[in-house]
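Student: As a plain string of letters, each chain reads:
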Amino acid sequence: MLYDLTLEISYDYATPANSGRHALRLMPAHIEGEQRLVSGNIRLSPGPTERRDRTDFFGNAVTDVVYRKSHSELCFRLKARIDRTAMPAELDISPPLKALGRELAAIQSLGPEEPVHFLAPSPRLPQSPAFAVYAEEHLDRSMSTISAVESIGRALHRDMTFDVEATTVDTPALAAFERRHGVCQDYSHIMIACLRSVGIPAGYVSGFLRTIPPEGQPRLEGADAMHAWVRAWCGIEIGWIEYDPTNALRVGQDHIVVARGRDYGDAAPVKGVLRTSGSQTTSHKVDVIPR
Amino acid sequence: MSLDETAKEPEYGLLKSYQPYPGVSDELLDPDGQVRPVWRPFLNHLNSLTPDEIADRFARGNQYLNDAGVYFRQYGHDGAHEREWPLSHIPVVISEDDWKVIAQGLVQRAELLEQVVADLYGENHLVGEGYLPAGLIAESPEWQRPLVDVYPKSGHYLHFLAFEIGRGPDGRWWVLSDRAQAPSGAGFALENRVATGRVFNEFFAKANVHRLAGFFRRFRDHLVDLRDETDSRVSILTPGPLNDTYFEHAYIARYLGFMLLEGEDLSVKDGRLMVRTVAGLKPVSVLWRRLDTAWTDPVELNETSHIGTPGLVQAVRQGSVTMINALGTGILETRALLAFLPRISERLLGEGLKLPNVATWWCGEESTRTYVKEHAETMMFSPALSTSLPFSSAQTDFIGRDFGKFHKGILETWIDSQNQNLVAQEAVTLSTTPAYHDGLLVPRPMSLRVFLARTSNGWEVMSGGFARIGRSEDASAIAMQAGGSAADVWIVGGKKPKKETLLHQTESPFFKSQAGALPSRAADNLFWLGRYVERAEGAVRLLRAYHARLLETADPESPLVAQTADFLESVGVAPTSAPPIPEGLCAMLQSAVISASKVRDRFSVDGWLALNDLAQTANGARRAMRSDADVPRAMGLLLRKITGFSGLVHENMYRFTGWRFLSIGRALERAHRMADLLSVFTAPDAPEGSLELLLEVGDSAMSMSRRYAVSLSKATVLDLLAMDPKNPRSVMYQLTDMKEHISVLPDADEHGYLSDLARSVLQVHTTLAIATAETLTPETLTDLRDQIGYLSVELTDAYIR
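Sequence order for the protein chains is A and B.
Numbering-wise (the working numbering), the first sequence opens with residue 94 and increments by one.
Numbering-wise (the working numbering), the second sequence opens with residue 345 and increments by one.
Chain A with its partners taken away, still in its complex shape (with noise of 0.2 angstroms):
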């Protein structure tokens, strides 16, 4: 499938900022099988003074750029073409959950795909047993870890309520979680925080999802903006799954990946240092178009 995707973030600084540092995560991957990236270009407003590409440790493109100059707005403008591809439904030859810890065990690399990286608390994720209590209400031992992940992620989702006004981008996932109420990134964190408790490899997966439906199905939730959702390790055999627990359902042609990370800190979309001394306000605009 082949989509063309605009996006616009706007900042407006209520004092100007003297200077600034952002790295930008916003391209769409290029992921072999999976995902092609036709065409794609990152505008700014103003200039900035300094500009560079360069791949960080998960293989995320990132656009490193510098103001030196006063400024008091700001905005990145995004338009790519992406070749989506259909995945086929896999047989589910994930070991049980009470064998996956061998099979991590036996992995000798530090290569950023090894789900080595994907166990231990992360920056934003510290551990709590509030998750690890819920994801064992929801599973057992001898399940295959593809019925567990998605078992959790269903009932997150069900669980959950979507509600854009209780959380911001900083809320820890426990607070979201007590509150059973947030956003796409709440749902993933919490998701995320859940497996891992109980064994799973998880990481963070930024990206689009289509602003407008195939006829017939329901418009999904989170096109507004940038998206996120899941993915978790499920063996040496089946390797990374994806599922969206704000849908509860497993990713497919609807999703449009840019970034992957442990946590929302290793694929946020912008992260920067800013220096000024007053407020901002931010917006936000995205349209995934299949041409």
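If you are wondering where the hints come from, they were derived from the structure by calculation, not from laboratory data.
There could be a bad hint or two in this list.
To be verified - Computed list of lysine-lysine pairs in DSSO-like fashion (alpha-carbon distance at most 27 angstroms, straight line):
1. 162(A) to 626(B)
2. 191(A) to 717(B)
3. 1070(B) to 1058(B)
4. 613(B) to 364(A)
5. 378(A) to 162(A)
6. 378(A) to 191(A)
7. 162(A) to 717(B)
Treat the numbers as computed from the prediction; the structure is a model and nothing was measured.
Following the hints, put chain B in place on chain A, whose structure we already have.
Tutor: Here is chain B on its own, set in the frame of chain A:
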């Protein structure tokens, strides 16, 4: 000094009750209870002193530490407190032969660690071949992903290391912990040395104790050689004054002549690391960081850090700066690594560890857990990824035997559940060394911190170190936070130490400071230090005059007293009666202390102590004083102390750019206040006695009577206090002073074009120069005051923002 000719074993009264613990080595006594030869000369000396002499000498060492401003920050339930530095005055004496074994072992270990960290951020053979578990490294917060595949510019990851070592019951030394992130303690080792050298001065001067200065000089030369261009700087990056080892950062910066910087002083431009200075951005190509990796860059590392430099990792990645040590080297401090290093040494170096580390088991494998459970009684347990020193965290580290037999089953279950998150280590027994207690020597457990630096000749070991001495026989109470103390380490024997050409005896600073730019933040703090101190002086003079008049009239409503009170209120020190010293005055001095604390590397210890004394005197007087009548005397005392401080600073401070900012601050404040005072107290409706008050506050009564035969008039007062170019209290004098300082600041005069600031100060100066007593009305004086005040804004815009 001959050691063994003594026919009879001397009687050491000091050792009357010196009883080493069974099964523990002792540094002083050999296993047969005989004093080791290496200790004898020192013990003979100590034994020749009376208890009173010893007490005097110890006091001398303490006085030195006190005067040098060495303190120790203790963290308690109610926050941090500065405590006296806990020096154990008896040095640890180690023979050169013992030291050679330690040094060889640690140099080998340093080379091993360099290869390990290079592998962890590079090829990953150790994980790939099963020498290290992938999960252990991947789960450590100290393995910094943004630094993977970033090769250090200098070719080396490690340049400065510390090792914590101890001596086991069999007399062999063990490595307890590796410090590779940002090792501290070398500066404290120097201070311990100076203090202990003063305690035993005649003995030390003749004793064959290895000196420390050469080590620092060669490391300093190595860092200087690592620079790209001769105009770039070697700097030390500190977390700031709130850090518990900030004293050491400032001390080492002063000692080695390096710039002391905080994260906000630095900026990354086009991938190059730069320091913001009063002369613009200047390159920094070597940065000795005393800040843990995670906090150094909020864009790529810990995003909550407010003490880092955005873009620093990018600067490192582009090879524009050498970090001492490389970012990410904190992974080497991971406790579980000790379990794997013996095998890794065989793999990487083709030989075993020359100096073993404490036996360690990582509990991530079932066979290891079985062994650990069987020997749990004698093991210490701690988190596998812990990077703290052994015994430093009572919450997480504990010894199996303390768990008790009763709980054995529970302990085993717990070991299984902790799995890869747990390490077990042989519960070490540390050797004991003498400490002086109530007139006698007593054995106390000890560990040593040894420092290694890379120099042009490879790794070099500091011949000495930092000893931690336990408070009781319990080795776990060795941390200073737990009441332990610190001692100097004397390596004795071999060739007489070579005379180091410069001041080697006192181990004092011997490097010429790198000439160059002043960081903007330091300039800002010096400028405000000058302003606050001068502001306090003005307030003190005025308060003294106010209270003197209040005493005479006993009427707060009398016109002159009331006007003075109003003026004091307008400058933030409204007079109060109980307590009679206003809080505003103490706040001004406190602000001065805060500004000074941020630039401690830039001015003398005496100046720092004088300023603190001043602030404490004001606080003390405010607490103690109850009657207005005492105020003039207290103000007199404060005034003398302020003058003393200013004298110290201005007499002793090197005439560099920093001194100019301090001087500009002082001159600006004085000129501003005088213009302000004149505008009020020369007004046509000013109460009687105003002119006398001006002369008193302006400390110019004598000049007045010498210069003017005529009686006191408004015109003569304005002439003396506003326009007289020779009176240091006049506005004109201070403006001239500022003009001169500003004219030599960077960019003040670019090809004949004055900077905005230089032009403004010239303008104000000229306005006053062409004024006469008649044209200096309250309105023009107010205007003058505001123009002077605005110079502060212009100065900040030009040099500090």
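Student: With reference to the structure, classify each hint as holding or not holding.
Tutor: Hints and how they fare:
A hinted pair counts as satisfied when its Cα atoms are at most 27 angstroms apart, and residue 162(A) with residue 626(B) qualifies at roughly 19 angstroms. Proximity of residue 191(A) to residue 717(B) is assessed by CA-CA distance (about 24 angstroms); at most 27 angstroms being required, the pair is judged to hold. Among the hinted pairs, residue 1070(B) with residue 1058(B) is consistent with the structure: their alpha-carbon atoms are about 19 angstroms apart, no more than 27 angstroms. Between residue 613(B) and residue 364(A) the CA atoms are separated by roughly 18 angstroms; this keeps the pair inside 27 angstroms, and the hint holds.
Of the supplied pair hints, the one linking residue 378(A) and residue 162(A) holds, its CA atoms being roughly 26 angstroms apart against a limit of 27 angstroms. Using a Cα cut-off of 27 angstroms, the hinted pair residue 378(A) and residue 191(A) is violated, with the two alpha carbons roughly 44 angstroms apart. A C-alpha spacing of about 63 angstroms is found between residue 162(A) and residue 717(B), which places the hinted pair above 27 angstroms, so the restraint is violated.
In this structure, the earlier hints numbered 6, 7 are contradicted, and the remaining ones agree with it.
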